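K.L.:
Starting from the known structure of chain A, fit chain B onto it as the hints suggest.
From first to last, the protein sequence lines are chains A and B. Numbering of the first sequence is given in the working numbering, commencing with residue 1 and proceeding in unit increments. Numbering of the second sequence is given in the working numbering, commencing with residue 1001 and proceeding in unit increments.
Any given hint could turn out to be false.
[As the list claims (entries may be wrong)] One side only, chain A facing chain B, incomplete, derived with CB under 7 angstroms:
1) P43
2) F108
3) G109
4) G111
[Unchecked claim] From the derived model, a few chain A residues whose C-beta atoms are all more than 10 angstroms from chain B:
5) P8
6) L11
7) T14
8) R15
9) Q17
10) D30
11) D62
[To be verified] What the simulated footprint calls covered on chain B by chain A, stretch by stretch (three residues with Cβ under 8 angstroms from a Cβ of chain A suffice, anywhere in the stretch; the number is not a length):
12) 1037–1044
13) 1099–1111
Hints in this document: simulated from the structure, not taken from any laboratory. Since we're looking at a predicted model, the values are computed, not measured. Yeah, the Cβ is synthetic: ideal placement off N, Cα and C, and Gly gets one too.
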Amino acid sequence: DAGVTQSPTHLIKTRGQQVTLRCSPKSGHDTVSWYQQALGQGPQFIFQYYEEEERQRGNFPDRFSGHQFPNYSSELNVNALLLGDSALYLCASSLVGGRLSGANVLTFGAGSRLTVL
Amino acid sequence: KQEVTQIPAALSVPEGENLVLNCSFTDSAIYNLQWFRQDPGKGLTSLLLIQSSQREQTSGRLNASLDKSSGRSTLYIAASQPGDSATYLCAAPSGGSYIPTFGRGTSLIVHP
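The following block holds chain A by itself, in its conformation from the complex:
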């Protein structure tokens, strides 16, 4: 049973560039959430996708956008990169039914480490 897979694992960009990160959820999961984790901090919620729509969004600017595909995989796009966007980007998948019962265990991928120079 494949878990959550993310790509790429590491990447380096320069200020002003754009980046796309990809995530494939755990088999059977239908919801994907993205988190940003700066060094020494807990993960911060960016947004969540379900049924190919953004369902909830955290306190992140419009430079952060996403997409969910019919096979439940997802992309995170960040435009006009800033130095402060350097972080570990984590994707987590879950099942909508789990939310309704309070048993929504999040399964995380290994993350994509973005460095902005």
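P.N.:
Relative to the frame of chain A, chain B by itself:
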């Protein structure tokens, strides 16, 4: 807005000790609370999830308790081992939300 605080921020203990990691949250109207483990530079691994109707969950040497009324959760690690060295994160959603808010974690080092 949910705020999650974890104490202590860092902990270094000899192998074999029993440990208590603390998590407090400001909004007690939560559906559940989840504990995660994170190894350096890696993703998060779910350890235990406690639903709002439960008071504790156990998995092997780990036991997590939840007291919603006081806004606290405790992760108890029995007979610690060097392989337990990692950062432990607590996450609780805001009232009415399914989106968890994370604490900054407790960095644990267990030395032989």
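K.L.:
Does the structure break any of the earlier hints, and which numbers would those be?
P.N.:
none
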